[in-house]
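Number of protein chains: 2
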Amino acid sequence: MDVSLVDRGTAPEQPVRGRPRSEAVERAIIEGTMKLLEEGVPLAEISIERIARTAGVGKATIYRRWSGKEALFVDVLRAAEPDDPELPGTSMRDDLVVLLDTLRRRGLANRSSAILHNVHAQMKSSPKIWAAYHSSVIAPRRRMGLEVLRRGEENGELRPGLDLELVNDIFVGPMLVRTVLRPDADLTDEDLAERIVDTLLDGLRPVS
Amino acid sequence: MDVSLVDRGTAPEQPVRGRPRSEAVERAIIEGTMKLLEEGVPLAEISIERIARTAGVGKATIYRRWSGKEALFVDVLRAAEPDDPELPGTSMRDDLVVLLDTLRRRGLANRSSAILHNVHAQMKSSPKIWAAYHSSVIAPRRRMGLEVLRRGEENGELRPGLDLELVNDIFVGPMLVRTVLRPDADLTDEDLAERIVDTLLDGLRPVS
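Line by line, the protein sequences are chains A and B. So for the first sequence, UniProt numbering puts the first residue at 1; every next one is plus one. So for the second sequence, UniProt numbering puts the first residue at 1; every next one is plus one.
Next comes chain A alone, as it looks inside the complex (with noise of 0.2 Å):
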């Protein structure tokens, strides 16, 4: 949750300012929307000018970091979410398990989180605000999974002449099944992601 480290990645057309200044004023208003959620404004209702009330600041001072709600609104999310990986860069093997886990801690924080699981569910009746998170959260997900796959084909971890969209699928899928799909999944098993990707490399036949 180091707001800090949230960048303005749906308002890429804005200079990051680095200014601790300006890193103050920007965590007041990614918690003053926290606390809006945390006291159960539907997003709906959640408007820039009562953020900038609650945050202290002018509706000016939010415009000017972000594009408007929708691109606020993902950034909130980001700093209540797991940061993303550092990839150990290791073995496309290493490097799959440490991207699967972060889904499922993500998962976790997400039910452990009224604000973050409100948010999710809200988000998806918002075709903006989904839209918004798909392109700085879901889509450059998707693309480190896939340069992940293609060291993986290149360095001959990998079946040659795979549809690596599909493979990326097929590593994601069991995680967001019990991520997103089956609320009642155990997540807490630390050596999931580790389970799925071994399991997935040494696949489901018996070994002849």
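Do not rely on the hints blindly, as some may be mistaken.
[Stated by the list, open to error] Here are the simulated lysine-lysine pairs, DSS-like style, with alpha carbons at most 30 Å apart: (1) B/124 x A/128; (2) B/124 x A/35; (3) A/124 x B/35; (4) B/124 x A/124; (5) A/128 x B/128; (6) B/69 x A/124; (7) B/124 x A/69; (8) B/59 x B/124; (9) A/69 x A/124; (10) A/35 x A/128; (11) B/128 x A/124.
[Said to hold, decoys possible] Some chain B residues well away from chain A (every beta-carbon gap over 12 Å; in silico): (12) 35; (13) 39; (14) 87; (15) 88; (16) 98; (17) 178.
For the record, the hints were derived by calculation from the structure and aren't laboratory data. For glycine and all other residues, C-beta sits at the position ideal for the given N, C-alpha and C.
Keeping the supplied structure of chain A fixed, place chain B upon it in accordance with the hints.
Chain B alone, transformed into the frame defined by chain A:
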């Protein structure tokens, strides 16, 4: 969309009535509900009374057949979705291909039908309807998948000692990612189920 095949899985305490007259009444009730959904009436505003009026039957006629709105909506969904598959039973591999292809065809149906798409989306925000759908559609499908895997383990098609719950998520995961989580994914490829199953059985490592 064969309404006569709809059973009352959600109200098992009631005797199944196979008489033609009863079937015609059920069809009228289900089609009446579909008509309301086609007209864009939100689920929350569709009462048993309104369905009764649209279908030209009494409320008691509906309550004799369904325990409530939730069970009725689930049967409406099931009537609009492709039927549950007949498993060929020739091998675990063939059964899994059929199971996954049914998911693909349901995903396609869901996209091309505004009713299905709408009901699925709204259902998630109604815990009661979701629970009814889960217990009468998702849970039995999951049990069917696990049985297929158990047979595969017994007859030696599947590596012994695997966590079958996880293996089930491994098989359905990539298909569900494409049908449920990625609305832009291409589902028209009729070989997709086969490609997923065979890739998983073979494993992703290079053949040594």
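Checked hints:
1. B/124 x A/128: It holds: about 19 Å lies between the C-alpha atoms, which stays within 30 Å.
2. B/124 x A/35: 25 Å, holds
3. A/124 x B/35: 26 Å, holds
4. B/124 x A/124: 10 Å, holds
5. A/128 x B/128: This hinted pair holds, its Cα atoms lying about 28 Å apart.
6. B/69 x A/124: 24 Å, holds
7. B/124 x A/69: The given pair, whose Cα atoms are some 24 Å apart, holds under the 30 Å limit.
8. B/59 x B/124: 26 Å, holds
9. A/69 x A/124: The given pair, whose Cα atoms are some 15 Å apart, holds under the 30 Å limit.
10. A/35 x A/128: With Cα atoms ~22 Å apart, residue 35 of chain A and residue 128 of chain A stay inside 30 Å; holds.
11. B/128 x A/124: 19 Å, holds
12. 35: 24 Å, holds
13. 39: 20 Å, holds
14. 87: Holds, because the least Cβ-Cβ distance between residue 87 of chain B and chain A comes to about 18 Å, which exceeds 12 Å.
15. 88: 19 Å, holds
16. 98: 17 Å, holds
17. 178: 6 Å, violated
Hint 17 alone, counting from the list given before, is not met by this structure.
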